[in-house]
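Spelled out from the first residue to the last, the chains are:
Number of protein chains: 2
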Amino acid sequence: MKNVDQNTITQAVLERMGNMPDARLKTIVTSLVHHLHDFAREVQLTEQELMHAIEFLTQTGQKCDDKRQEFILLSDVLGLSMLTVAMNNQKPAGCTEATVFGPFFVEGAPKVALGGDVAQGAPGQPCSVSGRVVGSRGQPVVHALIEVWQADEEGFYDVQRPELRAPQARASMQADGDGRFHFKTIVAEAYPIPTDGPVGALLRAMGRHPWRPAHLHFMIKAPGFETLITHVFRNGDQYLESDAVFGVRESLIADWVKQPDGNTLLQFDFVLNESHD
Amino acid sequence: MKNVDQNTITQAVLERMGNMPDARLKTIVTSLVHHLHDFAREVQLTEQELMHAIEFLTQTGQKCDDKRQEFILLSDVLGLSMLTVAMNNQKPAGCTEATVFGPFFVEGAPKVALGGDVAQGAPGQPCSVSGRVVGSRGQPVVHALIEVWQADEEGFYDVQRPELRAPQARASMQADGDGRFHFKTIVAEAYPIPTDGPVGALLRAMGRHPWRPAHLHFMIKAPGFETLITHVFRNGDQYLESDAVFGVRESLIADWVKQPDGNTLLQFDFVLNESHD
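Keeping their order, the protein sequence lines are chains A and B. Going left to right, the first sequence walks through residues 222 to 498 as our numbering numbers them. Going left to right, the second sequence walks through residues 222 to 498 as our numbering numbers them.
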């Protein structure tokens, strides 16, 4: 097709996909092309702005490495991650709600026994966490696999500290035969998402702060249950109403109770949804 | 704002941009967020698909370097580049039409005198190109700055040949006092856009070929005129109806006339639009 104009080009692109073998991918790309073109027409995108966008995306890709995922950050701050979580995790009432995965999970975290130390030297105030993993009828999720990861009191995950030789403040553990777990760690603190890359520049341009309220990340897996990816947020945090990635759910906020001896106690139970695959 | 769902999150993201200082950027990001969220809802994007998309964008960014711009390729094959060109280059009748810039332009191409050799050893059949740069009333565009770049007979630009130590088949020259130019080069041939990266994988998944019809790139600048970025396409090419980047315009197709002596002649005049800044 020759001589496409700003309106006919959309159909020209879609017609070119007539032989697309994967029906699901065709659905996705068709919708993407429609919205991408509608967006460009709606704002009357200039050639210079398109080049700025290309440069921004290039820098975003080049900021990524094995410890940094700038496109997840971008998806997070634009609300796309939380939107996708919300669409895909509509669980029955009573089940623990999901929230964003974030860019800081690492495969192969240290295995820690129940009662063990997750912090492994990360700076922070001492904290003891305990709870139980149950199914939607209250039955124990025996030996559920629990991954936990968090920022330290300076607001950094271990992967943000290049000087570290070993993981800190992340662990993998198994609940006991009654679904119960407990471990020692440090008190999670509010922190800014990384602002030294293109996404930080975008947040500044948007007049937005980069802070996330204090939270512990959990990913809990067990046969017969949907995997739960969520946080437990710390009650009283000043950023609960303005999380930079829109991840806060009322049901995930818990009291982190400071004890007279300086230790902080957090108790939180997780309710998994049975899988129906 | 807490407890956003798949519908309320869009408004939550937009409200967070209330303090955005740059009005134009606010317009762009507002439309982007609307379309991005609508797209995700329309296709009911899964979390796994979002991660695939993030991976694709990351790979696209990481394929870019000083000689390769994979995001321009992506914009080209999705029709976004040509859409943007079409919106921003609505010139009066009679002016030469614009088309896509493409990813192969290089700043600082060798300066070549009129009549000089642009090919500089690039493989191909000999070709002599001549023409005139005029304004919309036919007046000569005196000493117009002409940048020309092209693929060789194997379908490669110089920047795609890592063994080369110097530019080939690209040059910068100035028209004479009557707006006329002529130079020697090689006959441009059809070529596939680079398919060894994420965009190539996407084209294969879409069941699309990667070919562009043979063309010479031109960028022509002169004080008092709008910069013209365009191609001259070679009449008879089999890909004129299915250019991988949707860039062909009937008015840009010219006869490349093979002479008995083996040389090919191309004659093409450019009509620039007066700038009104």
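Treat the hints with care, as some may be off.
Unchecked claim - Label pairs and their computed distance ranges (CB to CB):
1. A:T448 / B:G428: 25 to 35 Å
2. B:N228 / A:H364: 35 to 45 Å
3. A:S472 / B:L235: 18 to 28 Å
4. B:V363 / A:P383: 52 to 62 Å
As the list claims (entries may be wrong) - DSSO-like cross-link-like pairs, simulated, lysine-lysine; straight-line CA separation at most 27 Å:
5. B:K332 / B:K247
6. B:K312 / B:K288
7. B:K405 / B:K332
8. A:K223 / B:K247
9. A:K312 / A:K288
10. A:K405 / A:K479
11. A:K332 / A:K442
12. A:K479 / B:K223
13. B:K479 / B:K288
14. A:K442 / A:K312
15. B:K223 / A:K442
16. A:K332 / A:K288
17. A:K332 / A:K405
18. B:K223 / B:K312
19. B:K247 / B:K405
20. A:K312 / B:K223
21. B:K312 / A:K223
22. B:K223 / A:K223
It is worth saying that the hints were derived from the structure and are not from the lab. C-beta: ideal position from N, C-alpha, C; glycine also.
Here's how the hints hold up against the structure:
no., hint, verdict
1, A:T448 / B:G428: 25 to 35 Å, "34 Å, holds"
2, B:N228 / A:H364: 35 to 45 Å, "38 Å, holds"
3, A:S472 / B:L235: 18 to 28 Å, "25 Å, holds"
4, B:V363 / A:P383: 52 to 62 Å, "58 Å, holds"
5, B:K332 / B:K247, "42 Å, violated"
6, B:K312 / B:K288, "31 Å, violated"
7, B:K405 / B:K332, "13 Å, holds"
8, A:K223 / B:K247, "34 Å, violated"
9, A:K312 / A:K288, "31 Å, violated"
10, A:K405 / A:K479, "14 Å, holds"
11, A:K332 / A:K442, "15 Å, holds"
12, A:K479 / B:K223, "25 Å, holds"
13, B:K479 / B:K288, "33 Å, violated"
14, A:K442 / A:K312, "15 Å, holds"
15, B:K223 / A:K442, "26 Å, holds"
16, A:K332 / A:K288, "20 Å, holds"
17, A:K332 / A:K405, "13 Å, holds"
18, B:K223 / B:K312, "50 Å, violated"
19, B:K247 / B:K405, "48 Å, violated"
20, A:K312 / B:K223, "18 Å, holds"
21, B:K312 / A:K223, "18 Å, holds"
22, B:K223 / A:K223, "50 Å, violated"
In this structure, the earlier hints numbered 5, 6, 8, 9, 13, 18, 19 and 22 are contradicted, and the remaining ones agree with it.
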